[in-house]
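> Each residue of the sequence shown is one higher than the one before, counting from 1 in the UniProt record's numbering.
Everything labelled a hint here was simulated from the structure, so no lab data went into it.
Fair warning: there could be bad hints in the mix.
Stated by the list, open to error - FRET-style restraints, in silico, Cβ to Cβ: (1) K26 x S88: 18 to 24 Å; (2) S14 x T47: 35 to 41 Å; (3) E154 x P33: 18 to 24 Å; (4) K142 x T60: 28 to 34 Å; (5) R157 x P98: 25 to 31 Å; (6) S128 x R157: 23 to 29 Å; (7) L38 x K71: 55 to 61 Å; (8) Y97 x K142: 21 to 27 Å; (9) V18 x P86: 23 to 29 Å.
As the list claims (entries may be wrong) - Below are the DSBU-like pairs computed for lysine-lysine, each with C-alpha atoms no more than 35 Å apart in a straight line: (10) K109 x K142; (11) K26 x K109; (12) K150 x K36; (13) K150 x K26; (14) K26 x K71; (15) K26 x K143; (16) K36 x K143; (17) K71 x K36; (18) K26 x K142; (19) K36 x K109; (20) K142 x K71; (21) K109 x K71; (22) K36 x K142; (23) K71 x K143; (24) K143 x K109; (25) K71 x K150; (26) K109 x K150; (27) K26 x K36.
Note that beta-carbon positions come from the ideal geometry of N, C-alpha and C, so glycine has one too.
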Amino acid sequence: MTSAAQPSVAATNSIPPVEQVRPHIKPEEISFPLPKSLYTTAHIHLTFLDTSVMVFLTTTTVGGNSAGSVKPMGSFVYAMPDRTSPGSTISTTLYSYPASVEYATRTAKILARRMGVPVYVGCSIDASGLGLIVEEEMDGFKKIVGVIMKRWEERERRE
């Protein structure tokens, strides 16, 4: 092998050092009991990104799931505000699970409209499977959206 084909020591040492960067994405995990729903806890995994928001929703019930049982992952929905009509949103279902797709879509559309940014919502909440009446479901839904919006507003004030 000729010396021209071998990399020089100077070329090998000219790689700049890697700068250590602290992650700026800080996911939040929030849990609270659903109003008027005894023994049901809502769980939110919330991540604010630079240009969008990711939300994952699920519930647990005391004595509901036996040890070792696995809850389905649920639906995954993308929604974004409609720039031509501020009162409406555009959404698409990326992954559909029949028991949770309506809840995920409703959540994604409301959050996208209120936040003004695209929102991804993963949701395994099956409101009918929880055995809730309409008022209990709506109170739980309002509480979930309210908690997420409160965190969003706190974040907006800090920035």
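> Now look at each hint and say whether the structure bears it out.
Consistency of the hints with the structure:
1. K26 x S88: 18 to 24 Å: violated, 31 Å
2. S14 x T47: 35 to 41 Å: holds, 37 Å
3. E154 x P33: 18 to 24 Å: holds, 21 Å
4. K142 x T60: 28 to 34 Å: violated, 20 Å
5. R157 x P98: 25 to 31 Å: Given range 25 to 31 Å: violated, Cβ gap about 39 Å.
6. S128 x R157: 23 to 29 Å: violated, 37 Å
7. L38 x K71: 55 to 61 Å: Given about 19 Å between the Cβ atoms, the range is violated.
8. Y97 x K142: 21 to 27 Å: Given about 23 Å between the Cβ atoms, the range holds.
9. V18 x P86: 23 to 29 Å: violated, 44 Å
10. K109 x K142: Holds, at about 13 Å.
11. K26 x K109: holds, 23 Å
12. K150 x K36: The hint holds at about 21 Å.
13. K150 x K26: Judged against 35 Å, a Cα distance of about 16 Å means the pair holds.
14. K26 x K71: holds, 26 Å
15. K26 x K143: holds, 22 Å
16. K36 x K143: holds, 11 Å
17. K71 x K36: With Cα atoms ~23 Å apart, K71 and K36 stay inside 35 Å; holds.
18. K26 x K142: holds, 24 Å
19. K36 x K109: Within the cut-off at roughly 24 Å; holds.
20. K142 x K71: holds, 23 Å
21. K109 x K71: Holds, because 24 Å separates the two Cα atoms, which is no more than 35 Å.
22. K36 x K142: holds, 12 Å
23. K71 x K143: Roughly 22 Å separates the two Cα atoms, so the pair holds.
24. K143 x K109: With a Cα-Cα distance of about 16 Å, the restraint between K143 and K109 holds, given a limit of 35 Å.
25. K71 x K150: holds, 28 Å
26. K109 x K150: Roughly 17 Å separates the two Cα atoms, so the pair holds.
27. K26 x K36: Holds: K26 and K36 sit about 31 Å apart, inside 35 Å.
Of the numbered hints listed earlier, those contradicted by the structure are 1, 4, 5, 6, 7 and 9.
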